[in-house]
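Construct all of the structure, not just a fragment, from the sequences and the given hints.
Protein sequences appear in the order of chains P and C.
FYI, in numbering that gives the first Met the number 0 the residues of the first sequence are 0 to 160.
FYI, in numbering that gives the first Met the number 0 the residues of the second sequence are 0 to 367.
Since the hints were derived computationally from the structure, they do not count as laboratory data.
Hints may contain errors.
[Claimed, not checked] Within a straight-line C-alpha distance of at most 30 Å, the following computed DSS-like cross-link-like pairs (lysine-lysine) qualify:
#1 Lys344/C <-> Lys131/P
#2 Lys133/P <-> Lys148/P
#3 Lys148/P <-> Lys51/C
#4 Lys91/P <-> Lys131/P
#5 Lys91/P <-> Lys51/C
#6 Lys91/P <-> Lys148/P
#7 Lys8/P <-> Lys44/P
#8 Lys8/P <-> Lys91/P
#9 Lys133/P <-> Lys344/C
#10 Lys322/C <-> Lys148/P
#11 Lys210/C <-> Lys44/P
#12 Lys91/P <-> Lys210/C
#13 Lys8/P <-> Lys210/C
#14 Lys51/C <-> Lys322/C
#15 Lys131/P <-> Lys51/C
#16 Lys44/P <-> Lys344/C
#17 Lys51/C <-> Lys291/C
#18 Lys322/C <-> Lys291/C
#19 Lys179/C <-> Lys279/C
#20 Lys133/P <-> Lys91/P
#21 Lys148/P <-> Lys291/C
#22 Lys210/C <-> Lys131/P
#23 Lys131/P <-> Lys44/P
#24 Lys131/P <-> Lys148/P
#25 Lys344/C <-> Lys210/C
#26 Lys44/P <-> Lys148/P
#27 Lys51/C <-> Lys44/P
#28 Lys44/P <-> Lys91/P
#29 Lys51/C <-> Lys133/P
#30 Lys179/C <-> Lys271/C
#31 Lys91/P <-> Lys322/C
#32 Lys271/C <-> Lys175/C
#33 Lys210/C <-> Lys133/P
#34 Lys175/C <-> Lys279/C
#35 Lys44/P <-> Lys133/P
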Amino acid sequence: MDAREPGDKQRALAQVVERVLAAFHPQSGTILDELVISLTPQAVKSACQLARDDPELAFDYLRCLSVVDLGNTLQVVYHLYSTRHRHKMVIKVALPPGERRISSVTPLWPGADWHEREAYDLFGVTFEGHPKLKPLLLWEGFPGHPLLKSYPVSGLEEVPG
Amino acid sequence: MIGRLDTVDMMVNMGPQHPSTHGVFRMVLTVDGERIVAAEPVIGYLHRGVEKLCENLTYRQIVPLFDRMDYLADYNNELGLALALEKLMGIQPPRRAEFIRVILCELTRITSHMMFYGSFGSDAGVTTPFIYAFRQREEVQQVLESVSGVRMMPNYIRVGGLREDVPADFSERLSKLLPKLRQGIEECDDLLTRNEIMLARSAGLAAISGKEAIAYGLSGPNLRASGVAEDIRRTQPYSIYPELEFDVPLGQNGDIWDRYCIRLEEMRQSVKIVEQCLEKMPDGPTMAEMPKALRPPPGEVYVCAENPRGDFGVYLVSQGGDKPYRLKVRAPSFCNLMVLERLLKGCYVADCVLVLGSLDIVLGEVDR
Chain P
0 MDAREPGDKQ RALAQVVERV LAAFHPQSGT ILDELVISLT PQAVKSACQL ARDDPELAFD
60 YLRCLSVVDL GNTLQVVYHL YSTRHRHKMV IKVALPPGER RISSVTPLWP GADWHEREAY
120 DLFGVTFEGH PKLKPLLLWE GFPGHPLLKS YPVSGLEEVP G
Chain C
0 MIGRLDTVDM MVNMGPQHPS THGVFRMVLT VDGERIVAAE PVIGYLHRGV EKLCENLTYR
60 QIVPLFDRMD YLADYNNELG LALALEKLMG IQPPRRAEFI RVILCELTRI TSHMMFYGSF
120 GSDAGVTTPF IYAFRQREEV QQVLESVSGV RMMPNYIRVG GLREDVPADF SERLSKLLPK
180 LRQGIEECDD LLTRNEIMLA RSAGLAAISG KEAIAYGLSG PNLRASGVAE DIRRTQPYSI
240 YPELEFDVPL GQNGDIWDRY CIRLEEMRQS VKIVEQCLEK MPDGPTMAEM PKALRPPPGE
300 VYVCAENPRG DFGVYLVSQG GDKPYRLKVR APSFCNLMVL ERLLKGCYVA DCVLVLGSLD
360 IVLGEVDR
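Encoded structure:
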């Protein structure tokens, strides 16, 4: 079983992150053994760029990009990993209520491409600066965004078989 | 004369109903004669909304859905979900269960890579490897069947342990199987690896550098073929992998041939792992003491595991109920497939099937 407490490595990383990203006023904390920082939607792109390019952080690998519907707000979650230092970090960005736009990180990590298109498709979040933002999994013209909590599991529309 | 004729790029649809796309997958190719100028993968034909369904099922009901994502690595998917819940709830499965889990996952890795080997041969235009691979695969499959009772979608790995203990003759069957399997892998190697035509078709083709592979989020054998030493069993170890000895094979050029060779070597390493597990496997219970209803505390967890196809990540957000609030799966095939657009540019049309085959995708987890 993985550790459920932050180790020395995570604590040291937390200090580096707070120093390097100080300009973006990140709020850092831990969830189980992972370092989690919260950023504002405006800061996310420049902060991610710094996190990727800073030699001490070197988060060169975007493992996962998810969106969570928290009711009145949407939260975009980035799971980052550094292949050089083998450390990991989670970035959370809460979009203000009603807001569905955020900067794309695809120019930084090409691997974010389909994650962002999927989120656009299933949550309706627009990633500004994405080179080719269009639906990925659902067909064009599909009504609504199924992974929003307001979308029912069944009953909204009959899907032709 | 020909030099003065105007030429136009042509659009060709490859798939979705095409056997070599490994499922239902479409590539929109723009071709200039025999060269591919641009390629656009189109997915979603197998989208079942698994993540939405999960939000409305209890944790134990989710396990079968995980089987149906990467159906060639069903045990590995189940383990990913179990790891996530066990970490969030602080459950330690019994040691015997951990060993059996690793044995099953490594056997699945072998069957999955055998499937790759067979279909890769077909993609390249030879049918014999398919027969060789399936002869081997079948014997492993029979052992897996004796454990869970089914050939696919086993629903066997549970949160806290296993559904039941393995049958009494499991170790015996496995010890008989492993030497044969070892030999079978060598036969496969002899048949295809250094074949001249195979080399001409795959060496140096659709190569990607380690740095680029990382940026694209490649994982598993596809990443290691580019020389990046990232194997989650080593870099972020889980279960009993730290106690086991095995090598992580690395490629140099990141081309089709490297991606093929890595998988062949990984099968040998998996046999080695299973042998060690058999030797060390203790007796004892296979299920931890579990509450009747699984209600993890509010919180969230992200775990990853090394699936045959790469980094399988599970992001689970719990609000304390018996159903997940949000369950996002980082499917390795989904992330690996993104690079196809980049790899196909400049290839011949005749090679596009081989390039796709070398990435070893399963559409069930791409579309979810």
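The hints, checked one at a time:
Distance restraint check for Lys344/C and Lys131/P: the Cα-Cα separation of roughly 17 Å lies within the 30 Å cut-off, and the hinted pair is therefore satisfied. Annotation: proposed proximity of Lys133/P to Lys148/P holds, straight-line Cα distance about 22 Å (limit 30 Å). For the proposed pair Lys148/P and Lys51/C, the alpha carbon gap of about 9 Å is at most 30 Å, so the pair holds. Proximity of Lys91/P to Lys131/P is assessed by CA-CA distance (about 24 Å); at most 30 Å being required, the pair is judged to hold.
For the proposed pair Lys91/P and Lys51/C, the alpha carbon gap of about 21 Å is at most 30 Å, so the pair holds. Using a Cα cut-off of 30 Å, the hinted pair Lys91/P and Lys148/P holds, with the two alpha carbons roughly 19 Å apart. Taken as a hint, the Lys8/P and Lys44/P pair is honoured in the structure, with Cα atoms around 25 Å apart against an allowance of 30 Å. A distance of roughly 21 Å separates the Cα atoms of Lys8/P and Lys91/P; the hinted pair therefore holds under the 30 Å criterion.
Taking the CA atoms of Lys133/P and Lys344/C, the gap is near 21 Å; set against the 30 Å cutoff, the hint holds. With a C-alpha separation of about 14 Å, the suggested pairing of Lys322/C with Lys148/P holds against the 30 Å cut-off. With a CA separation close to 21 Å, the supplied pair Lys210/C and Lys44/P stays within the 30 Å bound. The straight-line distance between the Cα atoms of Lys91/P and Lys210/C is roughly 26 Å, inside the 30 Å bound, and the hint therefore holds.
Restraint check for Lys8/P and Lys210/C: satisfied, since their Cα atoms lie roughly 25 Å apart, inside the 30 Å limit. Restraint check: the Cα-Cα separation between Lys51/C and Lys322/C comes to about 11 Å, which is no more than 30 Å; the hinted pair holds. For the given pair, Lys131/P sits about 25 Å from Lys51/C by alpha-carbon distance, which is consistent with the 30 Å threshold. For the given pair, Lys44/P sits about 29 Å from Lys344/C by alpha-carbon distance, which is consistent with the 30 Å threshold.
For a cut-off of 30 Å, the pair hint linking Lys51/C to Lys291/C stands: about 24 Å separates their Cα positions. Straight-line distance between C-alpha atoms of Lys322/C and Lys291/C comes to about 14 Å, which keeps the hinted pair within the 30 Å bound. Restraint check: the Cα-Cα separation between Lys179/C and Lys279/C comes to about 21 Å, which is no more than 30 Å; the hinted pair holds. About 24 Å separates the Cα atoms of Lys133/P and Lys91/P, which keeps this hinted pair within 30 Å; it holds.
A hinted pair counts as satisfied when its Cα atoms are at most 30 Å apart, and Lys148/P with Lys291/C qualifies at roughly 27 Å. A threshold of 30 Å between alpha carbons decides the hint, and for Lys210/C with Lys131/P the separation of about 23 Å falls inside it, so the pair holds. The straight-line distance between the Cα atoms of Lys131/P and Lys44/P is roughly 18 Å, inside the 30 Å bound, and the hint therefore holds. With a C-alpha separation of about 26 Å, the suggested pairing of Lys131/P with Lys148/P holds against the 30 Å cut-off.
Distance check on the hinted pair: Lys344/C and Lys210/C sit about 18 Å apart at the alpha-carbon level, within 30 Å; holds. Using a Cα cut-off of 30 Å, the hinted pair Lys44/P and Lys148/P holds, with the two alpha carbons roughly 27 Å apart. A hinted pair counts as satisfied when its Cα atoms are at most 30 Å apart, and Lys51/C with Lys44/P qualifies at roughly 28 Å. A threshold of 30 Å between alpha carbons decides the hint, and for Lys44/P with Lys91/P the separation of about 12 Å falls inside it, so the pair holds.
Pair hint Lys51/C plus Lys133/P holds up; C-alpha atoms about 20 Å apart against a cutoff of 30 Å. A threshold of 30 Å between alpha carbons decides the hint, and for Lys179/C with Lys271/C the separation of about 13 Å falls inside it, so the pair holds. Simply put, Lys91/P and Lys322/C have alpha-carbon atoms about 23 Å apart, close enough for the 30 Å limit, and the pair holds. Between the alpha carbons of Lys271/C and Lys175/C the distance comes to roughly 14 Å, so the proposed pair stays at or under 30 Å and holds.
Distance check on the hinted pair: Lys210/C and Lys133/P sit about 27 Å apart at the alpha-carbon level, within 30 Å; holds. A distance of roughly 17 Å separates the Cα atoms of Lys175/C and Lys279/C; the hinted pair therefore holds under the 30 Å criterion. For the given pair, Lys44/P sits about 20 Å from Lys133/P by alpha-carbon distance, which is consistent with the 30 Å threshold.
The structure agrees with every numbered hint stated previously.
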